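J.: Sequence:
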Amino acid sequence: MPLIIGQTSIAANATNGNVLSGSAYEFMPYNALLEIGLCSNAAGDHQCTVYSGSDALLEESGVSRQARVPVYPDDFSIRDVALGGERLTIRVRNTTGVAATIFWSVKITPLG
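In the working numbering, the protein residues as written are 1 to 112.
Quick caveat, the hints were computed from the structure, so don't treat them as lab data. If you're wondering where the values come from, they're calculated on a predicted model, not measured in any experiment. Do not take every clue at face value.
Computed Cβ-Cβ distance ranges for the label pairs, DEER-style [said to hold, decoys possible]:
1. E59 / G97: 21 to 27 Å
2. G97 / M1: 24 to 30 Å
3. S9 / L83: 28 to 34 Å
4. G112 / G62: 33 to 39 Å
5. V69 / T109: 15 to 21 Å
6. L33 / G97: 37 to 43 Å
7. D45 / L111: 16 to 22 Å
We treat Cβ as the ideally placed atom computed from N, Cα and C, and that holds for glycine.
Please construct the entire structure, taking both the sequences and the accompanying hints into account.
T.: Pasting the structure below:
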């Protein structure tokens with residue numbers, strides 16, 4: 001069961017089109033249950049959009065300001081079944097005038 005954990009700094013008033021870009025799991029290698037957790041630092045105001053293939057799982061919404069890596073299961077509020085070949089996208093927009101950090105985790109449970 002793969003677990004991808006990371007943090008990404010987003011410049012002031014900037015957008016990262018996909019924090020998973022370049023990951024081995026950006027494109028799902030098999031059908032799987034996805035559980036996604038997002039947190040930002042206390043000073044940040046991140047607006048996140050999450051897609052699994054063409055499924056919009058979260059659209060331009062704020063996330064918890066816990067300033068830490070998401071804790072399972074508390075911070076993993078996004079769940080979906082993704083098909084093999086689908087692209088996972090976590091788009092993050094920093095709406096503040098200073099750089100801010102987004103902490104993210106993706107738990108992948110193979111199906112079938």
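J.: Decide, hint by hint, whether the structure agrees.
T.: Consistency of the hints with the structure:
no. : hint                   : verdict
1   : E59 / G97: 21 to 27 Å  : holds, 24 Å
2   : G97 / M1: 24 to 30 Å   : violated, 39 Å
3   : S9 / L83: 28 to 34 Å   : holds, 32 Å
4   : G112 / G62: 33 to 39 Å : holds, 35 Å
5   : V69 / T109: 15 to 21 Å : holds, 19 Å
6   : L33 / G97: 37 to 43 Å  : holds, 38 Å
7   : D45 / L111: 16 to 22 Å : violated, 35 Å
Hints 2 and 7, counting from the list given before, are not met by this structure.
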